[in-house]
Structures are given as C-alpha cells and as structure tokens.
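Enquirer: Those sequence lines, one after another, are chains A and B. If you use this note's numbering, the first sequence corresponds to residues 1 to 170, in order. If you use this note's numbering, the second sequence corresponds to residues 1 to 183, in order.
These aren't lab readings, by the way, just hints derived from the structure by calculation. Keep in mind that the hints are not guaranteed to be accurate.
Taking CB as the label site, the calculated pair distances span [to be verified]:
| no. | chain 1 | residue 1 | chain 2 | residue 2 | range |
| --- | --- | --- | --- | --- | --- |
| 1 | A | E155 | B | E18 | 30 to 38 Å |
| 2 | A | K112 | B | A80 | 32 to 40 Å |
| 3 | B | K110 | A | K112 | 49 to 57 Å |
| 4 | B | V166 | A | K65 | 41 to 49 Å |
| 5 | A | E113 | B | S51 | 43 to 51 Å |
| 6 | A | H89 | B | N95 | 25 to 33 Å |
Straight-line Cα separation of at most 30 Å, DSS-like style, residue types lysine-lysine; simulated pairs [to be verified]:
| no. | chain 1 | residue 1 | chain 2 | residue 2 |
| --- | --- | --- | --- | --- |
| 7 | B | K5 | A | K154 |
| 8 | B | K3 | B | K132 |
| 9 | B | K110 | A | K63 |
| 10 | A | K99 | A | K112 |
| 11 | A | K65 | B | K119 |
| 12 | A | K63 | B | K3 |
| 13 | A | K154 | B | K119 |
| 14 | A | K63 | B | K175 |
| 15 | B | K82 | A | K154 |
| 16 | B | K132 | A | K84 |
Think of the CB as a built atom: it goes at the ideal place given N, C-alpha and C, for glycine as much as any other residue.
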Amino acid sequence: MAHILPPGTVAPDFTLPVTPDQNLSLSDLRGQPVVLAFYPADWSPVCGDQMALYNELHPEFQKYKAEVVGISVDCAWCHAAFAKDRHLHFPLLADFEPKGSVAKLYGAYREKEGCCERALFVIDEDGVIFWSYCSPVAVNPGADGILEAFENMKERRQNHGQVESSRRAS
Amino acid sequence: MAKLKVPVGQADHSLGDEQAPVTLVEYGDYECPHCGHAHPIIQAVRKHFGSQLRFVFRNFPLTQIHPHAEMAAEAAEFAAAKGRFWEMHDTIFENQTRLGMPWLAEAAGKLGLSSDELKTSVANHEFLQRIKDDFMSGVRSGVNGTPTFFINGERYEESWEFEDLVGAIEARLPKKTERRKVS
C-alpha cells in the first residue's frame, strides 16, 4: 500500500477538471474543511457504495461546512455520466491528464494498476491535512473516520479559542 | 474489528429473547436487493437457533440510489407504532419490486391498518427522524453499505449465506459443557 501524506502536512494545491469545461482548485475551498476521497474508478461496485454513502451523508457533512470531493483517474465525461446515474451531490475531479498526477502528489497512486488508492484526506480550514487514511482497495472505508476527524477538528478549534481568550484575560 | 457504537436498547425493533446468548443486528435498506436476498436467510437462521438468538433490524436507507427505501422504512415505522413492525417488515421484503405509495398503502390495509393514516404519516415524515438516527448510528459504527451485520456488537464481515452465518453464530454460543454447568 502506498505511503500517503500524513496529518500535519500542508495539502498540495492542485487544479483539476470538475466538468468537461470547468476546473476546481483546492485553494478555492480554503476556509472550510475539505474531504478528498481518492477512489480507484467510477462504476466499480465498491466505489459506488462509497460514493453513495457520502452522497447520503451530504447534509451531515454540511453541518460541519465541509466540502467532499471525489477524485479518480476517470475523465470528466465519465464522471459526468457516473454522477448523473448516481445522483451525486458533490463534485468529482478528473485526475486524467497527466494521469494520476494529483494522486501521486498525495502518495495515493497505484502504479501497477494505474489508478488511485482508496485514500481519504480531511483537510482543515487552513489547508493542512488533519487526518488521512488509506483503505485496502477493495474495502469501502465508510464515513466514521471522517466524522470523527470533523469532531476532533472542531474540538481543537474550541480549545484553541479558550486558550486565546484566557491569554487575553490574563 | 468495528464495534456497534449504539448498543441494542428498548427503542430497537427486536425479535427473540432479550437474554439470548447471541444478538444479531442488521443495518438494512428495504429496496436493496442484497437485503432482499438476506431476508429469508435471516428467517431460516432465526428458526435454526430459536431462543438462542435475538435479531434486531436498524434502518440504513440509501435514498439517493433507492428512491422508495425511505418511504418503505417510514411505512414500517408507522406499522411499528401500531405494534405491527415485523409483519410490515416481512411483507416489504417479500414485495421489494412493488414498493411505492400505492402498494405500501395497500399493504397497510391488509394488515388491518388504515391506508389513509399511513399515507398521512409518510407525507408528514412522522418517523423520519428515527430512521435518520438509525442511519447515523450505523455510520458511526462504520456501516458502509447494506446489509451490514453485527454479532454481539462486533462487525461481521464474512459471508452471510445460511451456512456461514450459522457457523459464525454457533462459534459465539456458550460451549455445550458450560451450558450444562449453568443449568
């Protein structure tokens, strides 16, 4: 399994097609938590389940003002068809050309198969990786780790706020 | 091994003896074909173990891919409020391809419940919060699709075909010699 970027690392910025004629950059999402969900391919059954689960949890993720972004090496047209078929409410990015270049930046590329790992990154408001996890490629990692990361992030922010205000008070 | 984060309690739909040595929890979706496949297997497994097994069903509808899953769950919860959960649960799984409001209303009628009351309840999403609570409890426990099973609070990841599930449950029953000692 690949060595994915660990927590504490600044998440490398990138720009990828989100539709056949639009791009999205990670820096566009600065100021809110972001989940990068690398997955091997559109249409394969396990991925379908994973994306279906995140789709279902979209309202829950919004409670944390978080944006979920799926990334695979499929092209923007393929993503468009997949998203339409599954009624996905979040963007899918095409790490298509040069193939897998963003996945490689995150250590989430499978050279032998030529596809992304099933890797999750929760990135904080400042663009730093807060939590990351690489699942065995055939296993849908679920969402418990993501929700736990959001909560820990919120707690850290609150604690930090308390430290700041006690500093000001003294 | 993933654990069941919300323990089985009074609010759960449960079949069988509360004191049973093994509790099997299913997170399921009424429109999921795999859950439909699991349904008669669960019935056979329950019959096989009798009082040794308690079965609990929790809702995990993937509403974006299964357009009738949520209303079916709401109909089952409506029936539950009238003490008829398991009858509704069974008939829904036995008629998975017919789900939709007309059929659900008819099914309620056949159980002696009011079809109109059911329609109102579903339209007002009377029991939706409970279904969402089930769903989130599943997410917290690492449920990633359906059906997902937990045996005595531990995620069961192996095959749930009849013989495999029976084997897994048997392995968690107290040994026969120990049982003799207890009695």
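Enquirer: Take the hints in turn and mark each one as holding or not.
Expert: Here is what the structure says about each hint:
1. E155(A) x E18(B): 30 to 38 Å: holds, 36 Å
2. K112(A) x A80(B): 32 to 40 Å: For A80(B) against K112(A), whose Cβ atoms are near 50 Å apart, the range 32 to 40 Å is violated.
3. K110(B) x K112(A): 49 to 57 Å: Hint holds: Cβ distance 56 Å, inside 49 to 57 Å.
4. V166(B) x K65(A): 41 to 49 Å: With a Cβ separation near 47 Å, V166(B) and K65(A) satisfy 41 to 49 Å, so the hint holds.
5. E113(A) x S51(B): 43 to 51 Å: holds, 49 Å
6. H89(A) x N95(B): 25 to 33 Å: Given range 25 to 33 Å: holds, Cβ gap about 30 Å.
7. K5(B) x K154(A): Given pair K5(B), K154(A) holds - Cα atoms ~21 Å apart, limit 30 Å.
8. K3(B) x K132(B): This hinted pair holds, its Cα atoms lying about 19 Å apart.
9. K110(B) x K63(A): The given pair, whose Cα atoms are some 41 Å apart, is violated under the 30 Å limit.
10. K99(A) x K112(A): The given pair, whose Cα atoms are some 13 Å apart, holds under the 30 Å limit.
11. K65(A) x K119(B): violated, 34 Å
12. K63(A) x K3(B): holds, 25 Å
13. K154(A) x K119(B): violated, 40 Å
14. K63(A) x K175(B): violated, 48 Å
15. K82(B) x K154(A): Distance of about 41 Å is beyond 30 Å: violated.
16. K132(B) x K84(A): holds, 24 Å
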